[in-house]
Every structure is written in structure tokens, then in C-alpha cells.
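**Student:** Position chains B, C and D relative to chain A; hints supplied.
Number of protein chains: 4
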Amino acid sequence: MIKVGIIGATGYTGAELVRILAGHPDVKINVLTSRQYAGVAFNTIYPAMSGMVDQVCEAFDFDKVSEKADVIFIALPHKLSMEYTPGLLQRGKKVIDLSADFRFSDPAKYEAAYQHHTAKELLSRAVYGLSEIFTEDIQKADLIGNPGCYPTSVILPLFPLLKQGLLEVKTIIADAKSGVSGAGRGASLATHFCEVNESFKAYKVGTHRHKPEMDEKLGVAAGKPVDITFVPHLLPITRGMETTIYADLSQKVSHSDIRQCLTTFYSGRGFIRITENQRPPDTLQVRGTNYCDIGFVIEKTGRRIIIMSVIDNLVKGAAGQAIQNMNIMTGLDEARGLKMVPYAL
Amino acid sequence: MIKVGIIGATGYTGAELVRILAGHPDVKINVLTSRQYAGVAFNTIYPAMSGMVDQVCEAFDFDKVSEKADVIFIALPHKLSMEYTPGLLQRGKKVIDLSADFRFSDPAKYEAAYQHHTAKELLSRAVYGLSEIFTEDIQKADLIGNPGCYPTSVILPLFPLLKQGLLEVKTIIADAKSGVSGAGRGASLATHFCEVNESFKAYKVGTHRHKPEMDEKLGVAAGKPVDITFVPHLLPITRGMETTIYADLSQKVSHSDIRQCLTTFYSGRGFIRITENQRPPDTLQVRGTNYCDIGFVIEKTGRRIIIMSVIDNLVKGAAGQAIQNMNIMTGLDEARGLKMVPYAL
Amino acid sequence: MIKVGIIGATGYTGAELVRILAGHPDVKINVLTSRQYAGVAFNTIYPAMSGMVDQVCEAFDFDKVSEKADVIFIALPHKLSMEYTPGLLQRGKKVIDLSADFRFSDPAKYEAAYQHHTAKELLSRAVYGLSEIFTEDIQKADLIGNPGCYPTSVILPLFPLLKQGLLEVKTIIADAKSGVSGAGRGASLATHFCEVNESFKAYKVGTHRHKPEMDEKLGVAAGKPVDITFVPHLLPITRGMETTIYADLSQKVSHSDIRQCLTTFYSGRGFIRITENQRPPDTLQVRGTNYCDIGFVIEKTGRRIIIMSVIDNLVKGAAGQAIQNMNIMTGLDEARGLKMVPYAL
Amino acid sequence: MIKVGIIGATGYTGAELVRILAGHPDVKINVLTSRQYAGVAFNTIYPAMSGMVDQVCEAFDFDKVSEKADVIFIALPHKLSMEYTPGLLQRGKKVIDLSADFRFSDPAKYEAAYQHHTAKELLSRAVYGLSEIFTEDIQKADLIGNPGCYPTSVILPLFPLLKQGLLEVKTIIADAKSGVSGAGRGASLATHFCEVNESFKAYKVGTHRHKPEMDEKLGVAAGKPVDITFVPHLLPITRGMETTIYADLSQKVSHSDIRQCLTTFYSGRGFIRITENQRPPDTLQVRGTNYCDIGFVIEKTGRRIIIMSVIDNLVKGAAGQAIQNMNIMTGLDEARGLKMVPYAL
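Chains as they are written, first to last, in this note's numbering: chain A, 300 to 644; chain B, 300 to 644; chain C, 300 to 644; chain D, 300 to 644.
Some hints here could point you the wrong way.
Any copy will do: because identical chains look the same in the list, a pair fits if it lies in one copy or spans two.
[Said to hold, decoys possible] For lysine-lysine, the following DSSO-like pairs were computed, each having C-alpha atoms within a straight-line distance of at most 27 Å:
1) Lys523 to Lys469
2) Lys408 to Lys439
3) Lys503 to Lys551
4) Lys408 to Lys599
5) Lys638 to Lys327
6) Lys419 to Lys327
7) Lys599 to Lys503
8) Lys367 to Lys503
Simulated from the structure, these hints should not be mistaken for laboratory data.
In this text, all values refer to a predicted model and were calculated from it rather than measured experimentally.
So that you can see chain A by itself, here it is in the shape it has in the complex:
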């Protein structure tokens, strides 16, 4: 059994880690930390899990956490993560950080988007945890910078196509829509039911901090700097993210060329599903699961491709992918504990 700890267990991402790990056959959740709820039973905060999860939250302590757990998931806001990570690595732990702190290779890009980085030296050691793409590095890693939800939905469909040089890099536009859980559990006017319900709107147009993250990783695929247009929108649903991506094709390709590029690249990777018959993927069909469903259409003129991807922002976009990375790091099947059959509705 893998002994795991979750730092910051009571936010939405932390709770989703708990939910999935509680059902993972090879995992024992040994420690849950929470500043706000230290001493409180996790299932009084999330009564949904009564009878399934009976840990009591505790305050973070390097030694206690390290004693109890071998794999540590950090589900804290950025900036806090980099305070905890070095000490855990020093104690020989594997760390999977779900904040932005270890996603960037280039500290300057991180600092431009977030703030001063206090553990820069770890950035080269950290592996970007896009499970299907950086698998080999993840296998050897002891520090994972788990991808943001938007980058996951954007990079998974684009990476193979960029690598094969099929897209005009300068023309890439990603129009993304996220459910509200992506905003976290903190109460704010922006997440008030009455402000979101029956509403749809863009936000942080041209300024969202997931964009430089995408650009850096897409640049790896393209072999040159990438600067996409990215516009996030807020959807009145709890879970789910859809991204519609537009790009000019760099050469004449058929529908089956694109399909083959994707299916070859993702061969054997069960969480990536390419839809049949140009069917647009639906967030509802991946709700609560680790799937990323991808569909695409080439315009009649052959000039432009439209690619659509859907994920559950809390699962493949956060906790699920983190656990997939744990599986890969520990030599388990990547799908272990993650084979939730999706709802039909």
C-alpha cells in the first residue's frame, strides 16, 4: 500500500483527491492537513464522505507528515506550495504539487505571471505532470508540477499535432469554458450562485495565468516559441471544461491524417478518447472521470481545423491527473483507482 498525505485537504481539489484516493485499491490515506480545520474530522466538513473517510485533519508538520506518508499531494494555493516542497523532498518524499509553483521550466515566466520564486533550484528537477506526454520523466520524478486545468485541455489535443508540424503556430486560438469548481471553495461574489446561474461570460481575457504555462509546453512540441490566444469563460455548471481550439493547417491533411496523428500518439493511453464521426465531445460524458475526450472538424476549404476537448476540471484537470502521475511514479498501471465509469447523465 502506498501511504499518502494530502496537504490542504479541505479545498475542492483536496477533497477530490480524498474522494478518489479513498477508493484507490493500493493507497492508504495516512494524513490530511488543513490550517483552517485542524482537529476536525474530514467528514464533518464533507459529510458526503461519512462512512468512507474517517481521518481527522491536522495542522501541517514536516516531520509528522513525512513519517506517515511517502507520497505527498500538495493542494495549496501557489506560493504556499514552494514553502512546503523543499522540506518534503529533503525528507525523501515524492511530491505532487497541484499549484502552479513547479509547472514552469523557466523561472522568469513563472515570476512574470505569479511572484518571486523562492525555490527556483527545484524547477529543473520538477517534471510537468501531463501524464500522457511526459510519461517517462514522470516515472523517474520525485517532484511533479501538476498541470493547470486549462493547459491540460489545450495541450493534450495540440501536442501531437504541433509535434508533427501540422498547424500554423501563430494562428492558434483556444476558447475555453470552465465549470465553477475551478474557482475553488473560497466564498466570493464571483462564485455566488445568483451571479453564475443563468450567466455566461468571458473573464481575464488576455491575462489568465494559465496562458504562459500553455505557451511554454506547446513550445516544446512546436520546437519554437508559441504565443497563443487564450480566452477563458465561466460556465454555470459545477464540473467540466470544454475548449474549442482553432488553427490554420500548415499543409493539406485529411480527417484521417489528423485522427491517425492523435491515435498513434495516444496509443495505449486509455484516458484519451477520440470521438467518432466528428462528434463534438460533451463535458457531461467525462463528468467525475479522468477522461479527456477530443473531437475535431476540418473546414470544407481545408484551411482551418477546429478541435474540441473536454475534461472534468477537478479530475483530469487536477486531482485525477495527480493520481495518474502517482500511479506512474510508483510503477502502477496509470489507470489504477481511476476507472470510474462515467455517468450516462
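**Tutor:** Quick look at chains B, C and D alone, frame taken from chain A:
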């Protein structure tokens, strides 16, 4: 491995059976039937399950179905079920019928609420599949009349209290609220998104056919005829049912008396959770799971009790309980394949 | 033109007052106050009203407000209202208070449910603003305690029946369901989209402060003390409230007797609509309007009646009824400025 | 008073026409037709409007309709409209058709997207009813092809910019999201609550029939053929449409250049609101109203502009604009009867 078949697999209840059974470790889904979709792959109708379920739907045939499966779930509308059931029983199959056709002991009550019953002789053989209450009979049964969703939400909290004589039977009122999936997959104006969204209303006041079903079973507990007041309402959510029940107490009892009555009756039955601290249960906390959460408050005067129960109408209210019954009938742990950890959100 | 001021204009109730008054042909909004947003244009807080409302919020000041306005709506939390009201009345203003501070006749009941009352002497001067019931008193009033949303939905259908002695007072149960806007604009976990969406639950069972308000006013109708059972629930919709009321009939009455009791009592009052053919009313059909739709069913046994009422909690349950009261106080037609045609969807 | 008739009054668009026209101070609704509901009171189909609308639906008859009404709104599916229109024009009526039948100038484009056109000769007589753009033609028209909802949301923000030559025509991409009411009242699996709720997906990618409509009208502004990329998505809300448009700028322009282009073009047209401070517009802020709110951001590189528009698809996207056109055709202020103050929530 238990070989199962699902008759009427493409409605919402059928699909929910498929979803849960696809993840059941001791089950093999061997046959799915559908009149409308015979010859069509199930996962083209429900693409959510691509990669998880790969059966093709077929037309119903007594011999083929009986050859492939030992336990048959019937997820057809009432009236159709009683046409299929006798032939399957004759072939030695165990039948779990999710329609109303085998829920009643008294054929007259069935016929008053539904229509002429063409297999009356089976009613005494059929066991009412309220898993926690009629467990012993279920163990021995080969025909289960799986309870309606509303009756499940009403009978589970009331049965122990009535049996112990704690309630004034004539004062019982159940105010129930159901998600839209209870109406099934058929397209109708009543289930049109724009008619349901931002709407709340009662329906079938005093005429819903689940009421005589409740009355008959509550009568078993009370030891005398029961005629409750029952009002269903339609909630603008997909899954979930909440019932608030009002009754005068027949004697002076404390909060802990009631609690003890319930916890004793349901001792060892993990799917029944009594909330702590008079916390009202929340449909969201049982979404997608087989739980029935129950909370209650005694009025300060001590005169009246208010009991609240929540279930997922498609799981504990239909497919989940059917599978729980299959587990009981086949000697498995009742929770086998049903330990879905609930979402926190 | 009636010159009006709104104290606390930026909460949801205040904003709804602004919305409706901005379209009122005989009203000029002369002053909007807000502690939080003093100096800020109202339409930057509520951009929906850009081009319709161009006032700038200001800090409250007795003299300034009294100079600019003749009718003052107070949309502040209880306790604050009673600090502002005496000074405004002294300056000869008409005050319509939407908090609980002036709803009770009996200060003891107020203090039991809320807190110490610092302007008790005004309680006998204040008129309870249930427009259709206390019309004559409202005409002469200069201080209105505008009813709570739940009491409005409960008292309107019950008052005529109780007055006529048709109900067994001790058996009255009100199962009420409210949209989220009733909780106000303040950010909290309880109103977070992800906690409400796809959720339904009771809250404050037996402890909600609207219950003593109902009891006091229903007591006026019944001519004796009333102590109903009241359970509020939270609906995942923005606007709307449905209350299903159960009561034993005190005598043998027909459907048309009840109908006549209601239609006679509400004769000429256009905002009360009694549904035809026992159709349960639907919150969607009163959304955004000042209507209260009422339906009812008598059980076949003739013993119990089930009454259903729906309102928009922000309109008939708050701002709309306040404006209706202003109309009555100032001699206008009660429907002036309130004839919004309801959406079909 | 303008005497109006509505042909096909009981669909969602028809009912929205009824709602708005019932509150229009210069209009008398004299005839409502419905094949399905001939002889039935409109307010039994839409009880929301009880007390506001008391007409009985009747079967269509050229002479009866023409006798009663001077302005006829046709809210029928395409193909049916062109059967009714010629006879009404012959009888000297003004016709505002909300189907696609009279939107195209080029019959070949219509026939490629829809079917054979049986009244081609009227296409040159019909005026495309985008109220703020073709105002002068609308003033003189007796036949209006009222725009589709998607084209309205796309053309309004783009027309001025294209006319001024500010955009690279070939790079235009419109990513649009519509509420469910756009699909109409007909029951179908696609509009079933459970299929839409908690779901988001694209549909008809590259094949939606509103695209050629947009292309034709944008071509008028650009002065050359236009062939945009258009992807519609289905939003889990009842009313509302947001379109995010991407285009490369053809020259170096500032934020204020774009702003000025838009505000100059729409000077004096109150239904077009340009948001301040690059704030993305929100569907909730135009719900139930005839507004089109537009926001935009120029990327830091200055290369690309992102434009966002929101409308209520049933109002500015259908019934509201139709009534605006009636106002213009009859010499009324274009906003007459359309000054609904938007909800704050």
C-alpha cells in the same frame, strides 16, 4: 462471475444499471436488449461509456437472453415487464424487475393504480426489494419487485418508527422533491430544459401511483391500514430526491430515542446514514451513490417530528438498490460493486 | 412624481427596488445609499442597468436623504433599520422597511427571534405590509414593516381560510422552498454555486425566524394563537419560492367552497391568481413579477387540504410588495409600475 | 393603436412576441394563430400570462388575419413562412417574418442552406431586419426578414469594424454559445433537461445554417466575400447568447480607435451598449431585454482583437428585434415597448 442481462438497457434506469454493473467486480454484463436500438453499440447511444462498455444492444428473445444470463434486470415500463417475467422465471432465471408490476402484494391495489395484471399469480412469489427491510425474503427470492424511488425515500425512514409504534399513522405527510431523471429519457414538454430550469412545482397532487405502493408497505410496519398524504414536486436537478416527512408522535420520545430506533433497526447496513446534530441531509451528498441519508428534528413542543431523507433517485431509488438486491440474492456482500465514494461537490 | 430614496441600495433587495422603481412611471429615484459603495455609480456595481439607472451611491445622511426623498425604502439587515427609521419619521418621511424590525406587533416575539428592539414604541405605529390583507391600514400608514418572503407565501393563501374557520389550526404544516437570492448578496460557502447547484436540502428546521412572524399574523386571522410547523428548503434556482401547505379541514367543504373563499377575499386584487383545474402553480410563471399564484387540492377523503403558493421571493416576497405598498400609501393604483408581463420561459 | 397578429403564437418565439407586445403601449394584439392549439385560450398554454393576455388561438385564415391586423409577425419554421407571406403582402399587410425565409438576398445561398424557395421574387423586396444597421431600409419596408440569433450576435459587433476596414476578413472566427430556448419548444432528446444540465458541447460544427446568413451580411460591410469560421455551442441556461469573436487587425489601432468606431456607428442607438474598461459582457445582464452588450480586448502584441457580444436570444435575437423593427416601420421610437429594465440577477 454472475452473468447478467439488462432488458431495456437504453433508458435512464437501464443505462444506470449498465454504469454500475460495468464496475462491479463479480459481474459480467452478457446481454443488453433494446427494441429501439437493436444492433446498435450501447456506447454510441451513451458515448460516456466508450472504452468501458462495448456490448451491442440486441432485440429481446427469451432463449437468447436466458442462455447468456442468470440474473435478469428488467428496466421496462410497467405492463411490459409482466409480459417478460413469467417466461424468464420458467427458464430458471432470477428476475429483478424495476417497474411497478411486481411491487404490490394486493393485485387489486395494483390494478386500481395501473391496469389489469396479467401475471397475478406471481405477486405472492415476488419480494418487495427494499433491501434493508425485506433482506431475508430477498435472499430467497427469484423475483424482485424493485421499489419505486419515492417509496424508497419514504419507507426507509418511516418503517422502523412505525414498527415501534412511535408515530400517529393518520398524521403522516410526505412532501417529496425529485430530480428530472425520474421522469425517464423520453422527450416531452414536461422535461424540456426550458420548462424545468428555474422552475419548481408540485405535480400529480394526490394522484401519484407511488402512493398506494407506500401505503401497502407502511401498512406492514404499522400493522394496520395506512393512508398517507403524499405530494411530489419536480426539482431542477438531474439526480436526487429529498422527502420531508411530518408526523405527530404517539408518545413522548427524545431525540436519542428516535435515533436509537433508527440506528438499531439499520445496524450493520452501511447504506443508511443517520446525520449528526440534526443536520438536514443534502441530495448532493448522495449523488451517484446508493446511500440513503436520514435526518430528523423533533419540534420543541414534542408533538411533531420532521424527518428528512435523501437518495439518488437513479441509484438507491432504482438501479443501485436493484444491484444491492442482486448481491443479497446471490450471497455477495450487499455493498459489492456499490462503494462509490460520493462527490464532495 | 414621487421622490423616493433607497437605503442599502446595493444588496439584492435594494437592487430589485431600483430595477422596478426605475420603470415606475410616477417615481423618481432621488437618492441611493450604500456604505460600501458610497461615491460609486450604481451601474458600475450592476452593469445590467447601464443606460437605465445613472445615480451615484452616497453615504447615508438623515438630512440629505430627507431633503431629496419623500418615501424611503430601507433595504438593510434587521437591527440597522431600527437605527434609521425614527429619524426619518421625525422628518416627516414615509418609511417602508424591508427588514424584520417593524413586522411584529409584539416586541417580545421580535426580541425572542432577533434581538433587543431599540424603537419598540414604533411597533404599534407600524403596519404589516401584506398588501392585499392590511390594505386599509397601509393606506394610512407612514411606517410599513414589509413582510418576509416566506410569510408572504404562507399567509396569503391561509388568511382567508383561517378567517372563515375552515382549517384545523393545529394541523397546519408549511413546507417551503426558496431560491438562493433570498440569502442575499453576501458571499458565503452556503451560497457558493458548487454547494447549491444539483443540491436540495432543508435548513433551519424549526428555528427559522420567519415562523414567529407567520404565527403572529395567522393568529390575527384565526382569532387565537397559532403555532404552525414550518420547514424551509433551499432550491437551486435564483428567484422563486414555492410553499406547499397541509391542513386538516374543520368541516366538510367542496373544492368550489374553498375557491370561493379565496376569490371573494381577493376580489379585485390582480396580483393574486387562483389556478384553474387544481393545477399546481409554478415558480417559473411568476418569475420577475409581483404575482402570487395559488392552487389547492382537497384529498379524496375530504379530510385534508393541500395548498400550494408561488411567488418571486425578490418581488412579491420583498421589493415588489414594498412598491405595491408605496402605491397604496400614496393613493396610486396598487399595480402601478408593477405590471410586468411574466416570461413564458 | 397598431393592430398586430402573430402567426404561430405558441412556440417560444411566438410566446415571447406575445409577452412583449402585451406590454407595448401602442399595440393591440388582435389575432394569435396556432394549428395545434386552435380554439384554446393562449393563457392555458402559457398560464404565466393569465390576467395579462386573454386571446384565444385560432387557425390561420388569410382573410380573417388580414381583417384583424395590420402588422403580422410570422413565428413559424422556415418553409412555412414563405407559404403565408405572399398572400399577406397582397392584402397590403406589413409582414415581419422571424424564420430564415426572407433573410437572404441571394436565393442560391438560401437554397443551398435550406430548401427550394417558392417566393424568390420577394427576396429583393424583403429587408434584413438588423435594426441598427439597415434602419433606413426598414423604415420603408413592408417585408422584414428578421435576423437569426447567432447572426445578430456576430454581425452587430463586426459590421462597423469591417466597414471601416479594420479587420483581416479571412481571420474571423466566431465561437458562439446559446441558451436552450434557441432550440424551440419542440420536445426532443437534445433539449431534455438531463441531457443539457451540467453539460456543455459544440454542435453543428461547420454546418450551422446561420453561417451563410452571417457571411452574406458581413460581405455587405466588407465589400467583398466573407467566409468566417463559426462554431455554435449549447449552454445550460434558458435564455442568453454569448459570442467571442477573434480577428487579426488589419492596421495598428488603439483601444480607443475601436471604441470610437463602435460608438460612432451606434450613436443614438440605445440598445447597443459598449462595456467600460474592457469588461467582458455577461448574458445575465441582458436577460429578458433587447440589449446587445459588446466588449473587446486588443492583445498586447496589437495583432489580434477579441470581441465579445451578448444578447438574449429570444429578445434581441428574435422577438425583441422584430418589435424594434415594427417600431421603426411604423414611425415609433425604436425602443417603444422595449424598455425593460434588466434584472440585476
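**Student:** Each of the hints needs a verdict: does it hold here or not?
**Tutor:** Now for the hints, and whether the structure bears them out:
no.	hint	verdict
1	Lys523 to Lys469	both (11 Å within a copy, 25 Å between copies)
2	Lys408 to Lys439	within (25 Å within a copy, 59 Å between copies)
3	Lys503 to Lys551	between (35 Å within a copy, 23 Å between copies)
4	Lys408 to Lys599	between (38 Å within a copy, 16 Å between copies)
5	Lys638 to Lys327	both (18 Å within a copy, 16 Å between copies)
6	Lys419 to Lys327	neither (32 Å within a copy, 52 Å between copies)
7	Lys599 to Lys503	between (33 Å within a copy, 13 Å between copies)
8	Lys367 to Lys503	neither (40 Å within a copy, 40 Å between copies)
When the structure is compared with the earlier hints, violations turn up for hints 6, 8 and for no others.
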